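Asker: Protein chains in written order, with our numbering: chain F, 1 to 203; chain U, 1 to 203; chain S, 1 to 203; chain X, 1 to 203.
Hints are not guaranteed to be accurate.
Since copy identity is lost for identical chains, a pair holds within one copy or between any two.
As the list claims (entries may be wrong) - Once the Cα atoms are required to be at most 30 Å apart in a straight line, the calculated DSSO-like pairs of lysine-lysine come out as:
hint, residue 1, residue 2
1, K146, K55
2, K85, K55
3, K85, K164
4, K55, K164
5, K164, K89
6, K146, K85
These are computed hints drawn from the structure, not numbers from a lab. Please read these numbers as outputs of a predicted model, since none were measured by experiment.
Protein chains: 4
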Amino acid sequence: MKRESPGSEIRINRLEALTDGVFAIAMTILVLSLEVPSRSQVTSQSELVQNIMSKGYQFLSYFISFFVIGSIWISTIRRTHILNKTDYKHLWLNMLNLFFVTTIPFTTSLLGDYGEYEFAEVLFHLDILILETIALVQWQYLMNNKDLIREDAIDDSNLIYYRKVYIFHVIVPLLGIAVSVFTPVWSNLVYLVIFFRVFFIRR
Amino acid sequence: MKRESPGSEIRINRLEALTDGVFAIAMTILVLSLEVPSRSQVTSQSELVQNIMSKGYQFLSYFISFFVIGSIWISTIRRTHILNKTDYKHLWLNMLNLFFVTTIPFTTSLLGDYGEYEFAEVLFHLDILILETIALVQWQYLMNNKDLIREDAIDDSNLIYYRKVYIFHVIVPLLGIAVSVFTPVWSNLVYLVIFFRVFFIRR
Amino acid sequence: MKRESPGSEIRINRLEALTDGVFAIAMTILVLSLEVPSRSQVTSQSELVQNIMSKGYQFLSYFISFFVIGSIWISTIRRTHILNKTDYKHLWLNMLNLFFVTTIPFTTSLLGDYGEYEFAEVLFHLDILILETIALVQWQYLMNNKDLIREDAIDDSNLIYYRKVYIFHVIVPLLGIAVSVFTPVWSNLVYLVIFFRVFFIRR
Amino acid sequence: MKRESPGSEIRINRLEALTDGVFAIAMTILVLSLEVPSRSQVTSQSELVQNIMSKGYQFLSYFISFFVIGSIWISTIRRTHILNKTDYKHLWLNMLNLFFVTTIPFTTSLLGDYGEYEFAEVLFHLDILILETIALVQWQYLMNNKDLIREDAIDDSNLIYYRKVYIFHVIVPLLGIAVSVFTPVWSNLVYLVIFFRVFFIRR
Numbered sequence: 001m002k003r004e005s006p007g008s009e010i011r012i013n014r015l016e017a018l019t020d021g022v023f024a025i026a027m028t029i030l031v032l033s034l035e036v037p038s039r040s041q042v043t044s045q046s047e048l049v050q051n052i053m054s055k056g057y058q059f060l061s062y063f064i065s066f067f068v069i070g071s072i073w074i075s076t077i078r079r080t081h082i083l084n085k086t087d088y089k090h091l092w093l094n095m096l097n098l099f100f101v102t103t104i105p106f107t108t109s110l111l112g113d114y115g116e117y118e119f120a121e122v123l124f125h126l127d128i129l130i131l132e133t134i135a136l137v138q139w140q141y142l143m144n145n146k147d148l149i150r151e152d153a154i155d156d157s158n159l160i161y162y163r164k165v166y167i168f169h170v171i172v173p174l175l176g177i178a179v180s181v182f183t184p185v186w187s188n189l190v191y192l193v194i195f196f197r198v199f200f201i202r203r
Numbered sequence: 001m002k003r004e005s006p007g008s009e010i011r012i013n014r015l016e017a018l019t020d021g022v023f024a025i026a027m028t029i030l031v032l033s034l035e036v037p038s039r040s041q042v043t044s045q046s047e048l049v050q051n052i053m054s055k056g057y058q059f060l061s062y063f064i065s066f067f068v069i070g071s072i073w074i075s076t077i078r079r080t081h082i083l084n085k086t087d088y089k090h091l092w093l094n095m096l097n098l099f100f101v102t103t104i105p106f107t108t109s110l111l112g113d114y115g116e117y118e119f120a121e122v123l124f125h126l127d128i129l130i131l132e133t134i135a136l137v138q139w140q141y142l143m144n145n146k147d148l149i150r151e152d153a154i155d156d157s158n159l160i161y162y163r164k165v166y167i168f169h170v171i172v173p174l175l176g177i178a179v180s181v182f183t184p185v186w187s188n189l190v191y192l193v194i195f196f197r198v199f200f201i202r203r
Numbered sequence: 001m002k003r004e005s006p007g008s009e010i011r012i013n014r015l016e017a018l019t020d021g022v023f024a025i026a027m028t029i030l031v032l033s034l035e036v037p038s039r040s041q042v043t044s045q046s047e048l049v050q051n052i053m054s055k056g057y058q059f060l061s062y063f064i065s066f067f068v069i070g071s072i073w074i075s076t077i078r079r080t081h082i083l084n085k086t087d088y089k090h091l092w093l094n095m096l097n098l099f100f101v102t103t104i105p106f107t108t109s110l111l112g113d114y115g116e117y118e119f120a121e122v123l124f125h126l127d128i129l130i131l132e133t134i135a136l137v138q139w140q141y142l143m144n145n146k147d148l149i150r151e152d153a154i155d156d157s158n159l160i161y162y163r164k165v166y167i168f169h170v171i172v173p174l175l176g177i178a179v180s181v182f183t184p185v186w187s188n189l190v191y192l193v194i195f196f197r198v199f200f201i202r203r
Numbered sequence: 001m002k003r004e005s006p007g008s009e010i011r012i013n014r015l016e017a018l019t020d021g022v023f024a025i026a027m028t029i030l031v032l033s034l035e036v037p038s039r040s041q042v043t044s045q046s047e048l049v050q051n052i053m054s055k056g057y058q059f060l061s062y063f064i065s066f067f068v069i070g071s072i073w074i075s076t077i078r079r080t081h082i083l084n085k086t087d088y089k090h091l092w093l094n095m096l097n098l099f100f101v102t103t104i105p106f107t108t109s110l111l112g113d114y115g116e117y118e119f120a121e122v123l124f125h126l127d128i129l130i131l132e133t134i135a136l137v138q139w140q141y142l143m144n145n146k147d148l149i150r151e152d153a154i155d156d157s158n159l160i161y162y163r164k165v166y167i168f169h170v171i172v173p174l175l176g177i178a179v180s181v182f183t184p185v186w187s188n189l190v191y192l193v194i195f196f197r198v199f200f201i202r203r
């Protein structure tokens, strides 16, 4: 039994549009985790200042999640950019990836509210871990199915280099889980190492 | 009286952009059905764990709806891909389709909260049933109006094959309604058969 | 003093992307006007059925608003399609138009909750009236500034025909206001005449 | 150590799609700052009228923020339009810019609810100040890295002219902060000077 190929019907640009849409929305609704205090809670300017200042940790969580989603988006672009066509397995892996992107506003909000509990931290890191693992699996899948890759993008040294990058991105949330055992509250700062990737991985 | 044709003004790519936008948003705001517990409800880590664990069924509903919307999106792409132009009837059928996509976050949320009640399950399946029926009607409409189809996409065996696929997709929510009479809570698992479509429909 | 022309920097396709995004989001978040009842309100299936059934009017308002936004989107496409370039006046008129699109989820929600009050109905119709008036002004602006129009789209009989269509769309919410004086609750049904436009306006 | 260039993988059009998505969502969810009164608060039409009328200042804040975001979007388009390729620094500056766009629905909502407190006003102006400063830095970065600019867009007089525009946009929120010391409530009206930019900056 031959599975029909969706390659001709599912054009890459539609997949890109859906993907960019989901990422844009997930990044933007992160802000909904910051609640404006109701007028019954706040009766003077000093109370307002106090209320907003107490949201510092929620703001940090939101800030970090924004950039984590941003880095995942960049890695998604890289995987789509080399595509020649898609097949059902690749397509559904992509959907699974998008699904876990949509969960980030929830785990971020939980983290912002309950960052002192290891559970909230670990849940957040697990979310990212799953996302990054799917990304690695997708990359490996493309390496194993070179007919899906554009001819001018099949450069083995490049593919191998980026596999290292994907492995690096899987390690970061694992590191986060390890750190959260010792100091839950600040464990999401580990994602800052993403900006220093070039010091860890060389071509 | 001749209806003016919108074919020249309504470019397919705009319709695609609106469609992808609506799908991306509907898929992403599903997450809003998961509520972060307020600090007054949760005072210890074990209470947090318990609260999150109790959301298991809501999470499952959200997960399944995400993939149901995903499969509907793929079927939408297929119908748009073969388009040469659009006319008002086709356009409004498409809008009707999008309308019912936007209702899914509501029926999903209801399902997640009240999954033990047959009513919530049936409402969800009805929502999908309407969506899939509109999709089938749209496909049949295209088959009856071949001037709307791109010349290289008019392949009758292909059109007939996919009509079977559309009929299959109408049957799944009907199956869901039948199952929900016996066991409401798990009736939305029927949508998993979508992933095994190839075993049911051959070219 | 010559105003610099933004024509070369503001590409039409970006304006289209922003426009389609705003419309897609406004259409999709209409669903947030339907609230899932909290578990403390509903303790049996019959209560759930009753609760959902009582949302009938909210659902109708949401349904009608969806299609009103849809029809406004189609009219937006028509105006953008003929564009050769944009200038600041045209661009800000477009932004003003988008602003009032974003208000529709609010006026719709108000209508769904307070449809028995003439005030809620009139506010909704006023919202649409402003939108349709801006659309008409934009069309007239294009007719007066033919350098903004693509050469192959400058067909005066066509431009005049669609001006009639735009005037027709301004009349519908005025009709809605008139009807709401007599029977507030059902005044938003007047928008159904949009589907029968061809019987009123001939080329 | 040479940083790998993302120029070939991160296509500009994907960056545009994400950007337009984030702006469209931020502009549209501003409306969520207007709350529909619950039925327990409102029992007669006159109470509804009163409730809605009391939202006048919230509506004004929402209206002004919409156009401020709109003007930032236009300035974003201008920066992207001249791009030949992107590099990681430029890309992350862009992400930082998008991050602060997503915060505007929060600061707007705060402003709408607590406009009489200088703190809420200053926070809003600070938000815009940061955004406009990042925009200026990005523009200067492009001027310093002309390889990122399309050849036909490298026109020094044009680049210098728009730097003045970017500086102008940094001054406006500073003005807002100054005004808010004297009269907090109306300080966001300073953004109206954006529409009169041409009177301040000449080529």
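Asker: If a hint holds in the structure, say so; if it doesn't, say that too.
Answerer: Tested hints:
no., hint, verdict
1, K146 <-> K55, "neither (48 Å within a copy, 41 Å between copies)"
2, K85 <-> K55, "neither (45 Å within a copy, 38 Å between copies)"
3, K85 <-> K164, "both (24 Å within a copy, 25 Å between copies)"
4, K55 <-> K164, "neither (37 Å within a copy, 36 Å between copies)"
5, K164 <-> K89, "both (23 Å within a copy, 22 Å between copies)"
6, K146 <-> K85, "both (10 Å within a copy, 27 Å between copies)"
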